Amino acid sequence: MKAIALSIPFLPAVAGVIALSRWRRIASWTGVTAPALVLVGGAVLGLFVAKGEVVEVFDGLVRVDALSAWMILLIGIVALIATTYGVGYMAAEVAQGHTNAKGARIYYALVQGFVAAMLVAVSTDNLGVMWVAVEATTIATAFLVGHRHTRASVEASWKYVVIASVGVTVAFLGTVLVYFASRHGSGATMRWSELVSAAGQLDPGVMRTAVGLLVVGYGTKAGLAPLHTWLPDAHSQAPAPVSALMSGVLVSVAVYAILRVKVISDLTLGPDHLRVLLLIAGVASVLLAGALLLAQTDYKRLLAYSSIEHVGLMAIGAAIGSRLAVAGLLLHMLGHGIAKAVGFCASGDILLASGSTRIADTTALLSRRPATGGAFGLALLALLGFPPFSLFASELAILRAGFAADMGWAASLTAAGLLVVFGAVLVYGQRMLLGRPVTETSWGSDSRATMVVPLAGGLILVAAIGVWMGPLQPLMEAAASVISS
Amino acid sequence: MSLTLASWVGALGACAVATIAALALRKPFRVWAVGALSAVGGILGSVSAVSVLAGVQNGTVELPGVLPLAGARFELDPLGAVFVLIAGAVTVAASVYGIGYSGHGLDGRVVQAVFPLFVMSLLLVPAAASVSTLLVSWELMAVTSLVLVAAEHRERPEVREAAWWYGVMTHLSLAAIMVSLLWFAARAGGESFVELRAAADRMPDVVRSSVFLLALTGFGAKAGMVPLHVWLPRAHPEAPSHVSALLSGVMVKLGIYGLLRVGWDLLGGGPAWWGTTVLVLGAVSALFGILHALVADDLKRLLAYSTTENVGLILVGVGAAGIYASGGDRRLAAVAVTASLLHVVNHALFKGLLFLGAGSVLLKSGTRLLDRLGGLARRMPVTTACFGVGSLAIAALPPLNGFASEWLLLKSLVHEVADPPVVVATVMPLAVGVVALTGGLAAATFVKAFGTGFLALPRSSNAEAATEVSASMRFGMVALAMACVGLGLVPNLVVAPLQRSVQALTGLADGPGVEVVGLGMETAGAAGRLAPGVIAVALAIAVAAVTATGWIMKVRRHRRRVAAWACGRTVQTARMEYTSTSFAEPLQRVFDDFLRPELDLDVSHTSESRYYLEAVRFRIGITDAFESRLYRPLVERLRRLGEYARVLQNGSIHLYLGYMLVVVLVVLVLSR
Amino acid sequence: MTDGALFRFLDFAVGLSLVCGYVALWRRGLVAIVKALAVQGASVAVVAMLMGIYEGHVQAVVAAGLVLVVKAIVIPRVLVGVIHRTLEYREVEPLVNIPTSLLAGALTTVIAFIAGRHLVALDASPATRGVPVGLAVMLLGFLLLVFRRKAVTQVVGFLMLENGVALVAFLTTAGLPLIVELGGALDLLMAVLVLQVLARRIVRQFGATDLNQLVNLRD
Amino acid sequence: MTAAAIAIGLLQVLALVAIAPVVTGVMRTTRARLEGRFGPSPLQPWRDLRKLLRKERLITEQTSWIFGVAPLLLVASTLVVVAVIPSVATTTLLVDSVDLIGVIYLLLLGTVVLALAAIDTGTAFGGMGSSRGMTIAALAEPAALLAIFAVSLRAGSSSLSTIVEGALADPAGLASPETLLAFGAVAVVTLAEAGRLPVDNPSTHLELTMIHEAMVLEYAGPDLALVEFASSLRLTLFFGLIGTLFLPWGIATTDNIAAMAVGVVAWLVKVLALAVGVAAVEVGLAKLRLFRVPELLAAAFILSFLAVIVSFFLR
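Quick note, the sequences are listed as chains A, B, C and D, same order.
The numbering of the first sequence is the working numbering, which starts it at 4 and goes up by one.
The numbering of the second sequence is the working numbering, which starts it at -8 and goes up by one.
The numbering of the third sequence is the working numbering, which starts it at 5 and goes up by one.
The numbering of the fourth sequence is the working numbering, which starts it at 12 and goes up by one.
No lab work stands behind these hints: they were computed from the structure.
Quick caveat, the model's predicted, so the values are computed rather than measured.
Even for Gly, the Cβ is constructed at its ideal location relative to N, Cα and C.
Just so you know, not all the hints are guaranteed correct.
[Said to hold, decoys possible] DSBU-like mimics (lysine-lysine), calculated; alpha carbons at most 30 angstroms apart, straight line: (1) Lys105(A) to Lys54(A); (2) Lys545(B) to Lys298(D); (3) Lys355(B) to Lys18(B); (4) Lys66(D) to Lys355(B).
[Unchecked claim] Some, not all, of what chain B presents toward chain D, calculated at C-beta under 10 angstroms: (5) Ser(-7); (6) Leu(-4); (7) Val425; (8) Arg547; (9) Arg580; (10) Asp584.
[Claimed, not checked] From chain D, some residues computed to sit far from chain B (all C-beta separations above 12 angstroms): (11) Leu22; (12) Val37; (13) Glu46; (14) Asp110; (15) Leu120; (16) Leu179; (17) Leu191; (18) Ala198; (19) Ser214; (20) Leu258; (21) Thr265; (22) Val275; (23) Val294; (24) Pro305.
Just chain A, with the same shape it has in the complex (with noise of 0.2 angstroms):
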């Protein structure tokens, strides 16, 4: 298990390295290998974990609970999908010009190297290394953000470096006071699990201001409104596996480190003071979502304002906090994850067939392009939470939750943002679905098999999940107990 737990991370870690050297063919492929291992470990690690156990290495450097299991496997899937997609996506890229070997060759290992910096920074007890993690993870996305040299991708990525640092500076600060804080309280550590159970020795004056900053931080990282800023436009302009790894995971990982904050923060602070902060977020991030998707002309833009709606959806769980929120918010994130990779990945396919990524240009996709008009299609339903896609049982989960927790009010607005959402995704998704193209000029032959397989197989996970969950059902439960005990 130990050893599992602690290669876990250096799988990918490879997988980049092989990948700068300079046999294309074996470097794609085995970053597909890769996430297909952490997914097996994942899995393994997660059986074993479910039942209570906690896997530690190197007096916690690493440490993995059935919450981090959770993550890995989500990390896993995701990348999996991303990473097969993207072989054909490249290969397509440079077909059309957009980049050469060189360009593919780093892509490759950047990628790796960001699957590597987030399942760091959830398989490890020490907040200062998950906070290094997640810096690195800006870093390692920065480039692939910017990889086609436009002067749109060159300004998404400076804002979204500038933007993100600042904010993971700010975590750093948070991090430091809970140092101070620990310091002054049982003993100096950055130990998640001791400062979990020390937490009430902590210093409540410091941990208020230290939970604030970390809550901002990391809040900036998942995009929760106002600090979500940087997100559509970062999201908008990487190749679409990377959109995907960012919309699906990387923000699902900033969500992970509010919950181990938080836990902290409600044994030392009482569970109303992040509980604010946190529905004032997500409130915020759904409602602003839904107004900016109203007049919205750009469908990977349209991708990522849903990308903000759910960290919303997410943020609310974990105001919320009871068992079957924080259960629901898990899976929540399990099933945008999947969901919103697919769709990234549908709208890449899209793009590349269409060369715009403006809505207007992109119509009777069905007609035009039926495997990944219909999963783009079909991932729109599932992100706006119709059954039997996973996300309508956590939002459902999430929402009856609130109302138990005498939160109707929230849980009513929340319901109307979710509307607005509707309608205008629904209708854009329209008028890129449906009709018959108005030139009979096709784009050219459907994408090739190992862009759609993915895709396919995301959706009926996604499904299967929102049906039975099967041997997930107990790994859930017990991550949701790391949380809310």
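Let chain A serve as the given structure and place chains B, C and D on it in line with the hints.
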């Protein structure tokens, strides 16, 4: 495993298999497989419903593993059974009809695969026995129907518009229901219907009433109740006709189901104003619907609006029942709700029939516009006969099934309370007036639909070229037509078992509302009796007598065909016929202030003299007031709000960092 | 060296870093601003060292050296390089003019002191008395980020933010666990390099590093 | 149902069938006399019918089977109503199977069938007639049903026999305001449904004014005979109904011969009196413009509505 459960699960299984078959098989087989298997599902579904209504046993299923974080719980009780019954019955006809109807363009994988899923959802919703289960089934129904509504998006641009309206309104309905039921569940401390029932009377009135109003909004939107009906006249016409039959015949009714279930079963009824609200909304819907149906010239749009009308009538019954029950007169309440449920069943049958008929016309003539139809009676005899039966039934004419329920409804409104409360004394007479006027207008509407659509001369070459439809489609229509006649002759077939469902509504009734006396049915308390069967027999005898007299008086039997009196012109052309527009004109004028039609008349004169006309063009457009005055401005306002909101995201990194600075400062100051 | 003297040095270094913050906010010349940054970095390093000595951490002294190298030498060099490459030497017209910026700076400093009070309260050692100054430096960096238009200035702002946090870190905890320290420094370095590359790309794409041009991505 | 009852029921049906054309005749004669003409004998309608039945059956081209079946159904539905309504005696063939509401819908059935047949001819007149006919029928419906509401409230039942017996039980009730209001309503409805002045003029064939005549314009020979017969049957039916509901005196409640005799006489008197009265009134009336008719029917609706309200609050 009881018969109920076995057949119900069997039905679901059949649908599932149908979906798989649709995905697996190739075209010609696909359509057949889906049609047949869905039909089987329909039959099994009705069997389960019948066994419940016959009092065999309620079917209960608990699947804690399924449906993450909630667990699925189903129970098929007499109230739900009514709706499973109509779902099954209409499904049988619709899916067999679909075999022939899908031959042309609708045989794609997606549509064929989703249709059985839609049927499945229709069987699931009435059996759901917990909040989450209900909501999931409800959304499953929403998404499948949405896909089916959009099925023909390649053919007509309106389809996409329709799909959007439908999607938004159906999600509005979900949001309202969700808030209502989750609130309820939170107060009850559990989400199974049993717990909800138990907790209902422990809740403060404010909560009860708000839960009720939210439920009314949500389910009303699905039922097509004014002012939440706007999606209905868009979606139903654009959907493939056999789907429209299910939408209008069954899905819309599930709104009624939800209202009854939440309002008078789970909440156990409430103050009089609940009933009054429902009744008034119902009355408005009925009048609004029928008036728009009257002036519609698109056959399927006409049918859709008439659905709003019928839902209105059903709601009038429900509301009346609520009022009576709150006044303590549970006997009359039982009568009223029996009337509503009976009308639910009847409307499912004849509206399904009418939509199938309209589908046949559309398929063969390629148009839905009444002003371009006509002369089908000779070209499509079976379709014409079936549509005729449907029209007479929906016009509530004896001896067809519409009459029975309309009669019961009126009986329940023409009450004999000793000294009624003011509400009853003032509302009921008006309700009678509305129901009567609606009935009259419905008759006019369907004389127009059937007369101008099927009789006399064809008004266009398409109609001229129409031919009778294929066997499978004929089967679908004939089956429903026979059901209409059958229930018309012997309504007791349904009325008697319905009494079980009435009992289930603990908030309304504690005894049967309608007693069965031989062929006749008698409203509780012998207030009046009706035996439609006898009427039919009497009619038959009368006809026989007249013909016999004819023979006796040696009237010539042979008929000679001669030209009609065409005002002196030798030939009579279709252009001389009254069009549907002109048929409706007098009534449209009577209700001008209400319908506010936009007329435009342009007359072009010949160049020689302004006393000679070149051409006269007359156009009349009637828009849905709620759509043009309520929804469109709302949507527009939202869109503008979206435009304003974009300022927040104006691209300046300095602004973005400014947000962060402010947030950080606030956090620092607040956590001081 | 006695604690008293040590604390006098400490206060001086802390104060100096704050002054540097104001200087950066006050000057228009980019080179001058970068110089201010370098000095600030050095003073942070000094603080780190003094704290290390005070607490007797060897590790903190090492960290101090690290800081000195990264913050006072490498990074300023990089930035000056960028300036020379882009041939932009002045913050010609800042979004917010100098006096207002300085006023805002004063305001944020006040807020910093208010917010820092209870941090000091936890242990009132002469070291922690500097914590509010750290916060103030951080907020000054923030102001640079919001008020200035050139890419370089923004980077400087970000680094001052960083310095402020570092100050707080050293003053409160005399250095974090080494791995975090190293990771942090590495990240910081990488971030700056990334930004430098991006700045070059901006120049290539937009002709200048005026960030007001970066408004193509919007809703 | 005893043999006697059946006999009585049949008797009433036959009586009504026999008298119906005569009633029309009487009205025409009265009208003629009041206009200073001599006019035909009251039996003329019967003669017309006999003549029509002998004629050849002409039927318009391009009509469907509906056109042919319509007259039969029209007569049949009317006959069923005849078999429901107590005229001579309170017991009729169908009084236990159909109540007043049923009666209204049966009559509507006739109207609808005729309207369809009229459209089926495909001529302008047919369409016009059926459009107008349905308009009036639709608008008359609320008034009619509310009037029934009012009447049935008194007896607490919508079954005709109960109502009549109730009325006989306390004749005082007949003088009550609600009954008078209801009577007004029913009167107007009768004029509308039976197509009399001022709603429709049975004796005109002026294109723009006719309603019923426009519908039946294409009928000839035996079919026309049926239609004509049906319309006079309807008229008589309404007179009988008014008589039974508002002047129930003399109607036989037992099945002994004497009572029957009284019943027959009383009924004849009522019907003929009403016929003469209506005819007399019609002389002084002009036909309303089509778009004034709704106002008249609205008035009727108000009357019956008031009747109901009053009967609630004067209880």
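Evaluated hints:
no.	hint	result
1	Lys105(A) to Lys54(A)	46 angstroms, violated
2	Lys545(B) to Lys298(D)	39 angstroms, violated
3	Lys355(B) to Lys18(B)	21 angstroms, holds
4	Lys66(D) to Lys355(B)	41 angstroms, violated
5	Ser(-7)	39 angstroms, violated
6	Leu(-4)	41 angstroms, violated
7	Val425	8 angstroms, holds
8	Arg547	6 angstroms, holds
9	Arg580	6 angstroms, holds
10	Asp584	12 angstroms, violated
11	Leu22	15 angstroms, holds
12	Val37	23 angstroms, holds
13	Glu46	29 angstroms, holds
14	Asp110	5 angstroms, violated
15	Leu120	5 angstroms, violated
16	Leu179	19 angstroms, holds
17	Leu191	17 angstroms, holds
18	Ala198	18 angstroms, holds
19	Ser214	19 angstroms, holds
20	Leu258	23 angstroms, holds
21	Thr265	22 angstroms, holds
22	Val275	22 angstroms, holds
23	Val294	28 angstroms, holds
24	Pro305	5 angstroms, violated
The structure shown violates the earlier hints numbered 1, 2, 4, 5, 6, 10, 14, 15 and 24.
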